[in-house]
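Sequences are here, hints too, so could you generate the full structure?
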Amino acid sequence: MSLERRWIVAIWLVGVAAAIAVVAHTRYITDLSAFLPAHPTPTEQLLVDQLTDGPASRLILISLEKGDSALRAQVSAAMAQRLRGDARFSHVDNGESVTADRDREFLFQHRYLLSDAIDPRHFSAAGLRSAIEDTTSNLASSAGLMLKSLVPHDPTGEMLHIVDELSRTPGPRTQDGVWISADATRTLMAAQTAAGGSDTDAQELDLAAIRSAFAAAAAVVPGAAVVELRLSGPGVFAVSARSKIKQAATRLSLVSSVLVICILLAVYRSVVALGLGLLPVATGALVGVAAVALGFGAVHGTTLGFGITLIGESVDYSIYFFISASKSWRHMLWPTIRLGMLTSVVGFASLLPSGFPGLAQLGLYSISGLIAAALVTRFILPELLPAGFAIRDVAPLGVRVGRLRDALRRSGGPLLAGAACALAAAAAFVIYQHQHTLWNHELSALSPVAPEALAYDATLRADLGTADVLDLVVISGPSLEAVLRGAERAGRALQPLIDAGVISGYDSPALYMPSQLTQQARRDALPDDESLRASLRAAMADSELKDDSLQPFFTDVQAARSAPQMTPDDLRGTSLAMGFSALTLHRDDRWNALLAMHAPNRAAAPGTDLARVRAALTSARLSDATVLDMKAQSDALYASYLHEAIRLSLIGLAFIVVLLWLALRSLRRVTRVLIPLVLAVLTVTAGLALGGQRLTLLHLVGMLLIVAVGSNYALFFDHESAKDGESSPRTATPLTLASLLVANLSTVIAFGLLSFSQVPVLEALGMTVAPGAFLALIFSALLTSRVPPAPAGATTDAHA
Amino acid sequence: MSAERRNMLSALLVCLALLAGSAARADSGALDDVLHSLAARRHGEVSFIEQHFLSMLKRPVESSGELIYDAPDHLEKRTAEPHPESLVLQGQVLTVQRGHSTHVLDLKSYPQVLPLIESIRATLAGDRAALEQRFKLEFGGDQARWMLVLTPLDAQVAKAVSRVQIDGARDNLLRVEIQQPDGDRSLMTLRPHASP
Chain A
1 MSLERRWIVA IWLVGVAAAI AVVAHTRYIT DLSAFLPAHP TPTEQLLVDQ LTDGPASRLI
61 LISLEKGDSA LRAQVSAAMA QRLRGDARFS HVDNGESVTA DRDREFLFQH RYLLSDAIDP
121 RHFSAAGLRS AIEDTTSNLA SSAGLMLKSL VPHDPTGEML HIVDELSRTP GPRTQDGVWI
181 SADATRTLMA AQTAAGGSDT DAQELDLAAI RSAFAAAAAV VPGAAVVELR LSGPGVFAVS
241 ARSKIKQAAT RLSLVSSVLV ICILLAVYRS VVALGLGLLP VATGALVGVA AVALGFGAVH
301 GTTLGFGITL IGESVDYSIY FFISASKSWR HMLWPTIRLG MLTSVVGFAS LLPSGFPGLA
361 QLGLYSISGL IAAALVTRFI LPELLPAGFA IRDVAPLGVR VGRLRDALRR SGGPLLAGAA
421 CALAAAAAFV IYQHQHTLWN HELSALSPVA PEALAYDATL RADLGTADVL DLVVISGPSL
481 EAVLRGAERA GRALQPLIDA GVISGYDSPA LYMPSQLTQQ ARRDALPDDE SLRASLRAAM
541 ADSELKDDSL QPFFTDVQAA RSAPQMTPDD LRGTSLAMGF SALTLHRDDR WNALLAMHAP
601 NRAAAPGTDL ARVRAALTSA RLSDATVLDM KAQSDALYAS YLHEAIRLSL IGLAFIVVLL
661 WLALRSLRRV TRVLIPLVLA VLTVTAGLAL GGQRLTLLHL VGMLLIVAVG SNYALFFDHE
721 SAKDGESSPR TATPLTLASL LVANLSTVIA FGLLSFSQVP VLEALGMTVA PGAFLALIFS
781 ALLTSRVPPA PAGATTDAHA
Chain B
1 MSAERRNMLS ALLVCLALLA GSAARADSGA LDDVLHSLAA RRHGEVSFIE QHFLSMLKRP
61 VESSGELIYD APDHLEKRTA EPHPESLVLQ GQVLTVQRGH STHVLDLKSY PQVLPLIESI
121 RATLAGDRAA LEQRFKLEFG GDQARWMLVL TPLDAQVAKA VSRVQIDGAR DNLLRVEIQQ
181 PDGDRSLMTL RPHASP
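Note that the protein sequences, when read in sequence, are chains A and B. Residue numbering for the first sequence follows the working numbering, beginning at 1 and increasing consecutively. Residue numbering for the second sequence follows the working numbering, beginning at 1 and increasing consecutively.
Rather than coming from a laboratory, the hints here were simulated on the basis of the structure. Here the structure is a predicted model, which is why all the values come from computation and not from measurement. Some hints here could point you the wrong way.
What the hints assert, rightly or not - To give an idea of the interface, some chain B residues facing chain A are shown, with a C-beta separation under 8 Å as derived from the structure:
1) Ile49
2) His52
3) Leu54
4) Arg59
5) Glu62
6) Ser63
7) Thr79
8) Pro82
9) Val104
10) Met147
11) Gln156
12) Ile178
13) Asp184
14) Ser186
15) Leu187
As the list claims (entries may be wrong) - Heads up, simulated DSSO-like pairs for lysine-lysine below, C-alpha to C-alpha not over 30 Å straight-line:
16) B:Lys58 - B:Lys136
17) B:Lys136 - A:Lys546
18) B:Lys136 - B:Lys159
19) B:Lys159 - A:Lys244
20) A:Lys244 - A:Lys66
21) A:Lys631 - A:Lys244
As the list claims (entries may be wrong) - Covered, in the sense of this in silico footprint (three residues per stretch, anywhere, with C-beta under 8 Å from a C-beta of chain B), are these stretches of chain A:
22) 147-154
23) 272-281
24) 542-550
25) 555-562
Positions of the beta carbon are idealized from the N, C-alpha and C atoms, including for glycine.
Laid out in structure tokens, this is it:
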């Protein structure tokens, strides 16, 4: 026996050591991937690319406020200079023209490859005549004296045409040489991070770099101490959400740990019991993380954050164990706990097949953690109890609670069953009434970002003209050349929409870097010297331009005919390189070109009519182009998670019924166990609906927890009733009651605290589980019992 | 999103605005009298014909439209022929409209252009100190019929414009001629609207 005991403890220690080894070598992921689908559809993959690496995800909006605008402009310039030298940022723009000369040089040099006016007809006599007429009329305009230096090289006006195409996008207002908000109260800057927006660690460092650049700039500019820095954007939200959740979770779990420890100390009056009681939880947490690490290869931060909460049930195991630490443990309590644990495991197993990696991990974590905790409670705790171990006798508490319960049941009698029926009916009615608004299908429901922060973000975006970066046409293909060709065709398909005012324009990588095919076609359209001179002679016959002024034009065209085509390398050092790289994504063997839609300038109906964009692309037979409405797609993704989770939970419920039937072998007992749980879930759901809450994924996880925790209560009372039937002595009952009460109290305290959190995910979990667990206990105590006559019939009605 | 490529076009457009209504004046007591009467004028509307004499053109090219001034800082040039175009200078902000496109430019971003624009305004506002900060002034004639020649002090500005000559009678501008270093020039002839 002693040898066997040592073996058991040794096996446990080895297991714990192995788990620690695994946990220590695991990769922990703090990025968004917990929320991104594990097996995305092609459209979802586009969304995932955008969310993790897309230009929108990497944009940090920087605002300088307070103080005089000239002062802010100086700070902005100093800050931008510092940030431009920082490799963390691929692009920093505050409105200053830092690369204007290089840009001009690039555009001028490659004008015959960049201009979409170039085709063979453009250099015919008629084409030249019309182009030269335009140029002459430009010379007559106010800009004539400035433009005239271009004319001998570029009489067809390609340079002006390119500049005009590229500057179609309306930009922010500029004052003192830098961007400023429309009301002139904010000086603006935009920084594109090199790291993907989903890399929250990198984003946090990037934000710190911006803050220190601001501090350094403000220190250099005299009087700049009054200027304040404010940041916004996806990265800012992600970082603040993470720290908010971390802070709230840490603070709340600290407070609830202290409270639970106080309760347990008050109940046990034994530090040893308290210490031993932590072993199942600690082992469970460790094994849970190790199992996720082995099963998924890496552990998400959210799994760590919520996992402990989900296996809080395992604290109950040791409570049951200590309070009923008698010979009855192994024979009476353990089978009940085991069944309760298995019920929870089956419930959480329903999360395993979820396409939402975060949920799947939580499922595996809970399953393995609960099994480990139960096994430790069953096999290790009894072996570790010191000789003469005793906790305070809590039987008197149990007796008092038992008397109260009996009194209630006696006086309530059949009324209880009726009340349960009525409650169930009322809850069902409320839920039916709210059926269309019961669930919140929007991802923002989970967002811990305050509405004020979102409003501020929208203001900055409106000032910067980046609001429409959410509407993208994505062209996918196997190579850069393929997606650039696609972007060119999509651009042609979109042109009628610009003319019709559906969009005010679009930004495309092909504007900066035409496909090789297009470049070649344009180069091939350039005539040889002889035919060009012949056409020009014909075109110039009645022109205002003097014939002998165009010698540089002939030289440039012949040079362009033999010059190599452009590659993205040629963009280096220009502001166009940033625009180009922001609009192309390369991942593994797939390329994406992004066309950012610019919404029409109308206040009445903001936003872009994406249906018409879609129709235009469809009629142009652009099968490799997808219109990506980021908000709609994100919501659709989340809604699919939610629907899947609801479906899986219902399947889990079915499996729980099967499990209970296999264990109890009595339809009546299965019903008796399920009724309090179902009633608790219904009541809480109805309560939340009445309170104006719309349910999210976290409420659903909370319901699973109610079933997991509540099943223990119901099974205990069912066990007791079953014994009543066998006329066994009810000696364990006061102790059982006391242990259930203590376990329930600790659960309600822990989750009740969560419901006060400002973080939606924590709040949702708390406000579901705390009342649910409490109700599950009350309902179990009052309904799962044979004391009132004919309870089965009544409860069956309630169930219906 | 790129400031640079916008600025490029903007620079071109600013220069055109510049040339739009280049007008300035001045010398000694007579200059002060002229500036004083100009300053007294709060509002003006004239039609203009602008000719560009460029060496690369066989004949000068011509445009026409109207100029509107409101004291102290609103200047508008509306070209009607041959192609409609509108330039509105309000405070430091120049709004350029050509065809479908509108461009809003902050003149503080163009330090080489700003002096010229500011001087036009200074002239119309009769602000001699502001003029002398940026130009060498030569004044000829008298109040009834005068001529003011402005030569840019800034070397960068002088690369684009060698001199601006403004002819006027009392508080009316008659003629604004802009000379470039290479000999090209533009001539704007102003004619008051038929108004009392």
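Hints, verified against the model:
Look at isoleucine 49 of chain B: its Cβ only gets to about 11 Å from chain A, farther than 8 Å, so that hint breaks. For histidine 52 of chain B, the interface hint holds, since its Cβ comes within 8 Å of a Cβ in chain A; the closest pair sits about 5 Å apart. The beta carbon of leucine 54 of chain B comes within 5 Å of a beta carbon in chain A, closer than 8 Å, and the hint placing it at the interface holds. Below 8 Å, beta-carbon pairs count as interface contacts, and arginine 59 of chain B has one with chain A at about 6 Å; its hint therefore holds.
Proximity of glutamate 62 of chain B to chain A holds as hinted, the smallest CB-CB distance being about 6 Å (cut-off 8 Å). Taking 8 Å as the C-beta cut-off, the interface hint given for serine 63 of chain B holds, the closest approach to chain A being about 5 Å. Contact between threonine 79 of chain B and chain A, as hinted, is supported at the beta carbon level, the nearest pair being about 7 Å apart and thus within 8 Å. Because the beta carbon of proline 82 of chain B sits about 5 Å from the nearest beta carbon in chain A, less than 8 Å, this interface hint is met.
Residue-level restraint check for valine 104 of chain B holds (minimum Cβ-Cβ distance to chain A is 7 Å; threshold 8 Å). With its C-beta approaching chain A no nearer than about 21 Å, methionine 147 of chain B sits outside the 8 Å limit, and its interface hint is violated. Interface hint status for glutamine 156 of chain B: violated, as the beta-carbon distance to the closest one in chain A is roughly 14 Å, over 8 Å. A distance limit of 8 Å between C-beta atoms decides the matter here; for isoleucine 178 of chain B the minimum to chain A is near 7 Å, and the interface restraint holds.
For aspartate 184 of chain B, the suggested interface contact is upheld, since its CB lies about 7 Å from the closest CB of chain A, less than 8 Å. Taken as an interface hint, serine 186 of chain B checks out: its beta carbon lies about 6 Å from the nearest beta carbon of chain A, inside 8 Å. For leucine 187 of chain B, the suggested interface contact is broken, since its CB lies about 11 Å from the closest CB of chain A, more than 8 Å. Between lysine 58 of chain B and lysine 136 of chain B, the direct Cα distance comes to roughly 33 Å. Violation of the 30 Å bound is thereby established for this hinted pair.
A C-alpha spacing of about 35 Å is found between lysine 136 of chain B and lysine 546 of chain A, which places the hinted pair above 30 Å, so the restraint is violated. Restraint check for lysine 136 of chain B and lysine 159 of chain B: the C-alpha separation of about 15 Å stays at or below 30 Å, so the hint holds. Between lysine 159 of chain B and lysine 244 of chain A the alpha-carbon distance is near 59 Å, which puts this suggested pair outside the 30 Å criterion. Restraint check for lysine 244 of chain A and lysine 66 of chain A: the C-alpha separation of about 27 Å stays at or below 30 Å, so the hint holds.
With a CA separation close to 23 Å, the supplied pair lysine 631 of chain A and lysine 244 of chain A stays within the 30 Å bound. With a cut-off of 8 Å between beta carbons, the stretch 147-154 of chain A has 4 residues touching chain B; three or more are needed, and the interface restraint holds. With 0 residues carrying a beta carbon less than 8 Å from a beta carbon of chain B, the stretch 272-281 of chain A misses the three-residue requirement, and the given coverage is violated. Remark: the stretch 542-550 of chain A is confirmed as covered by chain B, as 5 of its residues place a Cβ nearer than 8 Å to a Cβ of that chain, reaching the required three.
With 0 residues carrying a beta carbon less than 8 Å from a beta carbon of chain B, the stretch 555-562 of chain A misses the three-residue requirement, and the given coverage is violated.
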